[in-house]
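The listed protein sequences correspond, in order, to chains X and W.
Residue numbers are given in the working numbering: position 3 of the first sequence equals residue 3, and the series is strictly consecutive.
Residue numbers are given in the working numbering: position 217 of the second sequence equals residue 217, and the series is strictly consecutive.
Since the hints were made in silico from the structure, they are not lab data.
The beta-carbon is built from N, C-alpha and C at its ideal position, and this holds for glycine as well.
Among the clues, some could well be false.
What the hints assert, rightly or not - Covered, in the sense of this in silico footprint (three residues per stretch, anywhere, with C-beta under 8 Å from a C-beta of chain X), are these stretches of chain W:
1. 25-31
2. 102-115
3. 190-203
Stated by the list, open to error - Computed list of chain X residues with no C-beta within reach of chain W, every gap over 10 Å:
4. L11
5. E51
6. A64
7. P70
8. K71
9. P92
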Amino acid sequence: MIKVMIAKPGLDGHDRGAKVVAKALRDAGMEVIYTGIRQTPEQIAQSAVDEDVDVLGISILSGAHMKLVPKILELLKKMGSNMPVFVGGIIPKEDAKRLKEIGVVEVYGPGTPTSEIAEQVRKFVEHSNA
Amino acid sequence: MSNTRMREDEFLEGIKSHDRRSLAKMLSLCEKDPETANVLLDKLEKKTSHVVGITGSPGVGKSTLISAILDKMNGKNVGVIVVDPSSPFTGGALLGDRVRMQSHATNEKFFIRSFANRGALGGLSPSIYEACDTFESFGMDNVIIETVGVGQSEIDVSNIADTVIVVLSPDNGDEIQMMKAGLMEIADLFVINKSDNPRSQILLSRLRAMTAGSKEVPIYLTNAVTSEGVERLVRALDSRFFQILSDGTLSQKRRKRLLNHVKSMIRRELDRLVQSFEIDGISPKEMRDHIIEELCRKKRL
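Between the sequences and the hints, there should be enough to build the whole structure, so can you do that?
The structure is reproduced here in structure tokens:
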């Protein structure tokens, strides 16, 4: 059984995307923990570690991804976790590239088929267990 | 599936030294491999925590109430187990109880863990006994268990909790619903949540009328969103624990819990055997005999 956490950091409350992905992963047979909106990086990292999820998905549409995502990665590392982290939202190409350089496994923009996300989440988990 | 595996002795040391990450991994083990978890739990000292079960229909405010209870529990170590339903079709689940409790996510005294019920029918997770034991081994003062949003007959929480709170809300049906057997009978305490709704007074008088003449069950009114009435409830929980500890009720409850834990272990073993059986050309009775034989042969320890 794959356990995923879908989290929404920062101040934007646009949670439609996060909910669509959470529901799609649920329908793909995964256990999805949803944190709700306006979470701090600390809340997200601690929750993901406490829930011992296999993958963490972060949804951001506020533009603050270059501040929030590195912070979450840093906290996870500090807590001894190397779980795969993916990001969804409105992320400019060059930022997406940079995020992947610092350890994000994938960045999904608008229009990504949810089936593709589910399939890739399975792969992330396989890789991290290999 | 965990991205970092732990060895047995690491688990034991981790739990003993109150390492949060070990607790997280141990709870995963309870779900993935409950038999091994039971072996490890046997080697750990257990604290007697007050195990409080919180149950009620979907949407009455169970998660919000737990969050409000945690607000009033400063200084205590509390483990929270929240259970939501798995899909009978895909096996997937959306675990959303945390949403109401996230303000406590970084409090080092509290540990919240979500479970899917994975097809268990009684409102809890198949690994609930192991998970609860794990929290007690970790030294929690309280363990709070939130069931899935229940109907009328999901009453497994009364097999594990020392105290069962049945949460009702004013928009929950008439008194005939309250007269039905099952859920309403397992309450050690009733909470009428959303007390700002004027109809809560009507519910209160109906509930009083219904419980009159039988076992006295205290009723508390709360508004979990504003915390109104929650402090009183928390105090009541504390004094109830003291009372059941001294009058012998607790040891009865613990005996019942132990028996149910054992039953759940046997059921798990049985399920595995039944599923692995070739059923071609064999009558139900023959199959039963084979399985019982197999079960006896597998007897371990």
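Okay, the hints, checked on the actual structure:
Coverage of the stretch 25-31 of chain W by chain X holds in this model, with 4 residues showing a Cβ closer than 8 Å to a Cβ of that chain against a need of three. Beta-carbon proximity to chain X at under 8 Å applies to 7 residues in the stretch 102-115 of chain W; the threshold of 3 is reached and the given coverage holds. Three residues within the 8 Å Cβ limit are the bar, and the stretch 190-203 of chain W against chain X gives 0, so the coverage statement is violated. Every CB of chain W lies more than 10 Å from the CB of X/L11, the least distance being 15 Å, so the non-interface label holds.
Distance check on X/E51: its Cβ comes as close as 6 Å (rounded) to a Cβ of chain W, failing to clear the 10 Å threshold; non-interface status is violated. Under the 10 Å C-beta cut-off, the non-interface status given to X/A64 relative to chain W holds; the minimum distance is some 18 Å. No Cβ of chain W approaches the Cβ of X/P70 within 10 Å, the least distance being about 19 Å, so the stated non-interface status holds. Listed as outside the interface, X/K71 is consistent with that label: its C-beta sits roughly 14 Å from the nearest C-beta of chain W, beyond the 10 Å cut-off.
For X/P92, the requirement that its beta carbon stay farther than 10 Å from each beta carbon of chain W is met, with the minimum near 29 Å.
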